[in-house]
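> Residue numbers (numbering that gives the first Met the number 0), protein chains in the order written: chain P, 0 to 486; chain Y, 0 to 486.
If you're looking for bench data, these hints aren't it; they were derived computationally from the structure. Warning: the hint list may mix true and false statements.
All copies of an identical chain are treated as equivalent in the list; a pair is satisfied when it fits inside any one copy or across any two copies.
Below, simulated DSSO-like cross-link-like pairs (lysine-lysine); rule was C-alpha separation at most 30 Å, straight line [said to hold, decoys possible]:
1. K455 x K121
2. K185 x K272
3. K309 x K37
4. K185 x K279
5. K455 x K437
6. K309 x K28
7. K185 x K254
8. K185 x K309
9. K113 x K52
10. K121 x K409
11. K258 x K185
Remember, it's a predicted structure, so these values are computed and weren't measured experimentally.
Protein chains: 2
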Amino acid sequence: MTETIPHWLSKQANLAPDHPAIELEDGTKLTFLELQHKSKLFAKKLAAMEIRKGSHVGILSTNDVKMIIAIHALSYIGAVAVLLNTRLTSEELNYQLEDAKVSVLLTSDEQLSKAEPLHAHKKKSFTDVENMKEANVELVSELHLDDTFTIIYTSGTTGFPKGVQHTYGNHWWSAIGSALNLGLLKDDKWLAVLPMFHVGGLSIYIKSAIYGMPVLLFEKFDDEKVHQAIMHRGVTMISVVTVMVQRLIEKLGDKVYPKEFRCMLLGGGPAPKSLLETAKEKHIPIFQSYGMTETSSQIATLSPHDALEKIGSSGKPLVPAQLRIIHPDQDNIGEIAVKGPMVTKGYFHNQDATKKSFQDEWLLTGDLGYLDDDGFLYVVDRRKDLIISGGENIYPSEIESVLSAMNGIKEIGIVGKQDGTWGQVPIAFIVSNNELTKEEIYQFAEKRLAKYKIPKEVYFVDALPRNASNKLVRNKLLSTINRRSDS
Amino acid sequence: MTETIPHWLSKQANLAPDHPAIELEDGTKLTFLELQHKSKLFAKKLAAMEIRKGSHVGILSTNDVKMIIAIHALSYIGAVAVLLNTRLTSEELNYQLEDAKVSVLLTSDEQLSKAEPLHAHKKKSFTDVENMKEANVELVSELHLDDTFTIIYTSGTTGFPKGVQHTYGNHWWSAIGSALNLGLLKDDKWLAVLPMFHVGGLSIYIKSAIYGMPVLLFEKFDDEKVHQAIMHRGVTMISVVTVMVQRLIEKLGDKVYPKEFRCMLLGGGPAPKSLLETAKEKHIPIFQSYGMTETSSQIATLSPHDALEKIGSSGKPLVPAQLRIIHPDQDNIGEIAVKGPMVTKGYFHNQDATKKSFQDEWLLTGDLGYLDDDGFLYVVDRRKDLIISGGENIYPSEIESVLSAMNGIKEIGIVGKQDGTWGQVPIAFIVSNNELTKEEIYQFAEKRLAKYKIPKEVYFVDALPRNASNKLVRNKLLSTINRRSDS
Numbered sequence: 000m001t002e003t004i005p006h007w008l009s010k011q012a013n014l015a016p017d018h019p020a021i022e023l024e025d026g027t028k029l030t031f032l033e034l035q036h037k038s039k040l041f042a043k044k045l046a047a048m049e050i051r052k053g054s055h056v057g058i059l060s061t062n063d064v065k066m067i068i069a070i071h072a073l074s075y076i077g078a079v080a081v082l083l084n085t086r087l088t089s090e091e092l093n094y095q096l097e098d099a100k101v102s103v104l105l106t107s108d109e110q111l112s113k114a115e116p117l118h119a120h121k122k123k124s125f126t127d128v129e130n131m132k133e134a135n136v137e138l139v140s141e142l143h144l145d146d147t148f149t150i151i152y153t154s155g156t157t158g159f160p161k162g163v164q165h166t167y168g169n170h171w172w173s174a175i176g177s178a179l180n181l182g183l184l185k186d187d188k189w190l191a192v193l194p195m196f197h198v199g200g201l202s203i204y205i206k207s208a209i210y211g212m213p214v215l216l217f218e219k220f221d222d223e224k225v226h227q228a229i230m231h232r233g234v235t236m237i238s239v240v241t242v243m244v245q246r247l248i249e250k251l252g253d254k255v256y257p258k259e260f261r262c263m264l265l266g267g268g269p270a271p272k273s274l275l276e277t278a279k280e281k282h283i284p285i286f287q288s289y290g291m292t293e294t295s296s297q298i299a300t301l302s303p304h305d306a307l308e309k310i311g312s313s314g315k316p317l318v319p320a321q322l323r324i325i326h327p328d329q330d331n332i333g334e335i336a337v338k339g340p341m342v343t344k345g346y347f348h349n350q351d352a353t354k355k356s357f358q359d360e361w362l363l364t365g366d367l368g369y370l371d372d373d374g375f376l377y378v379v380d381r382r383k384d385l386i387i388s389g390g391e392n393i394y395p396s397e398i399e400s401v402l403s404a405m406n407g408i409k410e411i412g413i414v415g416k417q418d419g420t421w422g423q424v425p426i427a428f429i430v431s432n433n434e435l436t437k438e439e440i441y442q443f444a445e446k447r448l449a450k451y452k453i454p455k456e457v458y459f460v461d462a463l464p465r466n467a468s469n470k471l472v473r474n475k476l477l478s479t480i481n482r483r484s485d486s
Numbered sequence: 000m001t002e003t004i005p006h007w008l009s010k011q012a013n014l015a016p017d018h019p020a021i022e023l024e025d026g027t028k029l030t031f032l033e034l035q036h037k038s039k040l041f042a043k044k045l046a047a048m049e050i051r052k053g054s055h056v057g058i059l060s061t062n063d064v065k066m067i068i069a070i071h072a073l074s075y076i077g078a079v080a081v082l083l084n085t086r087l088t089s090e091e092l093n094y095q096l097e098d099a100k101v102s103v104l105l106t107s108d109e110q111l112s113k114a115e116p117l118h119a120h121k122k123k124s125f126t127d128v129e130n131m132k133e134a135n136v137e138l139v140s141e142l143h144l145d146d147t148f149t150i151i152y153t154s155g156t157t158g159f160p161k162g163v164q165h166t167y168g169n170h171w172w173s174a175i176g177s178a179l180n181l182g183l184l185k186d187d188k189w190l191a192v193l194p195m196f197h198v199g200g201l202s203i204y205i206k207s208a209i210y211g212m213p214v215l216l217f218e219k220f221d222d223e224k225v226h227q228a229i230m231h232r233g234v235t236m237i238s239v240v241t242v243m244v245q246r247l248i249e250k251l252g253d254k255v256y257p258k259e260f261r262c263m264l265l266g267g268g269p270a271p272k273s274l275l276e277t278a279k280e281k282h283i284p285i286f287q288s289y290g291m292t293e294t295s296s297q298i299a300t301l302s303p304h305d306a307l308e309k310i311g312s313s314g315k316p317l318v319p320a321q322l323r324i325i326h327p328d329q330d331n332i333g334e335i336a337v338k339g340p341m342v343t344k345g346y347f348h349n350q351d352a353t354k355k356s357f358q359d360e361w362l363l364t365g366d367l368g369y370l371d372d373d374g375f376l377y378v379v380d381r382r383k384d385l386i387i388s389g390g391e392n393i394y395p396s397e398i399e400s401v402l403s404a405m406n407g408i409k410e411i412g413i414v415g416k417q418d419g420t421w422g423q424v425p426i427a428f429i430v431s432n433n434e435l436t437k438e439e440i441y442q443f444a445e446k447r448l449a450k451y452k453i454p455k456e457v458y459f460v461d462a463l464p465r466n467a468s469n470k471l472v473r474n475k476l477l478s479t480i481n482r483r484s485d486s
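Chain P on its own, in the form it takes in the complex (with noise of 0.2 Å):
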């Protein structure tokens, strides 16, 4: 039976109206109420503009209170945020709008330009809307669980990206999966740096108008606005992906965070244990995490009670959720299966590819994992980004924490190329401080990794493709050689 609940954010309006619900890098803050007031009044702008329960709406937007305003606006209408990744070219926004069938998109003013070869019936920046008369509609004052939020479509690194649905039931269960794994405390406050348009940083937001929590709103990831809003501005958590760990622990040095700072919850793939390890040392909370678009954000996550003795483990399944592993090897290592109320319903007008990722009721997620004797996951790699070199199985991410121990390596990351001899083998792309030589990376490996492991070439390159969200985009790793000379 679908469950209704009141709208989450008229919701915490009425609980705690005067409540900090987002605060800005300068200090500003937005209670409960003014947020209420503001993204129904924005709905009320948008009724005017003909969307109504059902249109899809697209948004092209950085990190901006406003693009906050909007997805809560389209609640109140019954509409679907279609949210779109900056970083895209036009020719793969296009392709989404398209697929997602939107009939308006709405953009920040910063990215008006960036929007005019967009193909939508309308286009408007949210100062467009603000400009707007409201029109005189009734508002959305229930959710019902089964409705469709939110659209987002997954990085697509294989075929064409498809387009993630999400209800407000998978939203809701994923803010209290969450909840119930990390504790609710009423002093919380949640930094928020990963991008809007990815489910990721989306979640916060939404955790924000369940929890009735304040989010401290920063429009991108800099290390150092971060480390001292950490020190310095009452943060108890935080969602990183790796790339800002390492940063964040350089800028530490030898101090220690405060000690309300409670959870660095890590997603985006797993992380080189080396990094783990040095995390622990700096008594730095981080919580591994496993999960993607589809499942709403993080599914699995290493409680605090059990980080310490399985670094390197991204936990067991939170409280409403299920995992398996299908098909596994004679190492255990196999396809990650979940379920769950969190996961979504299928792919947006794309029946083949739902059919295709769903068994019963798993999904199958395209990733590679075990389960140890304790039943805590370890993500393998991406069964994509499996490199098979003479019919032996390579994670890339094996050798990538191994190598990323070594001094001198920044950050690294392993893709398979073609070779005739051995159908694959793993080759390395390497920001180092400078000074290491190729000998000395090889010296290192062969003392720690089999030999069909080793990189057979190396490269060092100033920075690694990385997405919107800081992961390593590890197809486009071998197209950085030919942009390079010095390999």
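Using the hints provided, position chain Y relative to the given structure of chain P.
Chain Y in isolation, oriented as in the chain P frame:
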């Protein structure tokens, strides 16, 4: 769409196997892994008695770890637990057993003799079951939130009692609504003294499984033991009714509770304002709440945030809940209606009662109350307790609240009595310190109450009639007159 989650006890046995689930008065502890093991074993023994998915199984027991195991065991089979009040007469119990179509009755060893005259196809004590051989059946690993888990009869002061059905979802949402209000701390420990056959008691054990939180289990309320437990056993929360608060305040004297004790959740009807003020002076973290069997425990609670300013209020509806006042009178007092996923889907096998109690998806509670300008709920009284005297509405709890502030009055109950002139008049039943005279009481009342609210008769009694939850049973007050001569 029906949501499916992993079995909550199995989940905690996986997430926190060594964490205590139950702690007994003598200090014995049962971990989540042990509780799961015992519950599954008990389930397999029940299966040997032909208890199957959908079977209705009566449970007659006072608070006992074996009762918890039996309830969890039924969930591992998918059977429905019909929880029976041990204070009822055989006739009352037989009505419920037949109405609920109970096939098997389980009792604690102490209740075996009470079970003798009861009608059930099979009757077994917990020990009988333990001594059986288990059947080789597959147990439930997932809970479907739409399935019925428990049936609890409402006290039924008018007409016949009705069997309130609770789905797994009702219990889940109740627990989540409470957590979003009270927060979730990793060191929480809930002291359980309310009878488990009432939903307020039962809900503590379900929260335990959902949160992974230990419960300190007491068979019944004993003021000295409870006081000692709060002072010395790391208790952070307790659920109580008004009379328990009175006794605990006496025990507390000039001391204060340890600071980790963060919530005394008060249910069971409106509490006298003077009591709440005394609790406030003594820094007792009292949270007045509002709920009933049909709402699977509290549905509104006064949050810590507002406790000091809104004394006497039951707060606001929990995050997933809605509440409104229907047909308000000139003082804005009307019937309280509630809605939310913790509200029962209806009474077992009683479409008529279900139809009468619901208007659209709103439950008509039969309670009278109003919302103040800030939206805080004040419960005035049960609609059926309302006294109408010469056309004026008189709320017994208002008179009780005023008079209970008088020195020498320990407990007070007000009820309406038929009157030839006025229709009804209020009369008072008082437990006093034996020094008070009726004259003094009338004088006290005259200064503080409108004339028509002053009790027309006062009876001194040794104790007030209370149900197993220690709630005042007003409709039994009048019958105490005939048993007393000192009136």
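> Please go over all the hints and tell whether each is borne out by the structure.
Hint check:
Neither within a single protomer nor between protomers do K455 and K121 lie at most 30 Å apart by alpha-carbon distance, with minima of 52 Å and 74 Å respectively. For the homomeric pair K185 and K272, the shortest alpha-carbon distance between copies (27 Å) is at most 30 Å, but the shortest distance inside one copy (33 Å) is not. Within a single copy, K309 and K37 get their C-alpha atoms only as close as 45 Å, which misses the 30 Å cut-off; across copies the closest is 28 Å, which meets it. Proximity of K185 to K279 under the C-alpha cut-off of 30 Å is found in both arrangements, the shortest distances being 26 Å within a copy and 20 Å between copies.
For the homomeric pair K455 and K437, the shortest alpha-carbon distance inside one copy (11 Å) is at most 30 Å, but the shortest distance between copies (100 Å) is not. Taking the shortest alpha-carbon separations for K309 and K28, only the inter-copy value of 26 Å comes in at or below 30 Å, while the best intra-copy value is 39 Å. Both within a single protomer and between protomers do K185 and K254 lie at most 30 Å apart by alpha-carbon distance, with minima of 26 Å and 26 Å respectively. In the homo-oligomer, the alpha carbons of K185 and K309 lie at most 30 Å apart both inside one protomer (29 Å) and across protomers (19 Å), since each shortest distance falls under that limit.
Proximity of K113 and K52 under a CA criterion of 30 Å is satisfied intra-copy only: 27 Å inside one chain copy versus 59 Å between copies. Taking the closest pair of Cα atoms, K121 and K409 never come within 30 Å of each other, the shortest separation being 45 Å inside a single copy and 71 Å across copies. For a Cα distance limit of 30 Å, the shortest separation of K258 from K185 qualifies both inside one copy, at 15 Å, and across copies, at 16 Å.
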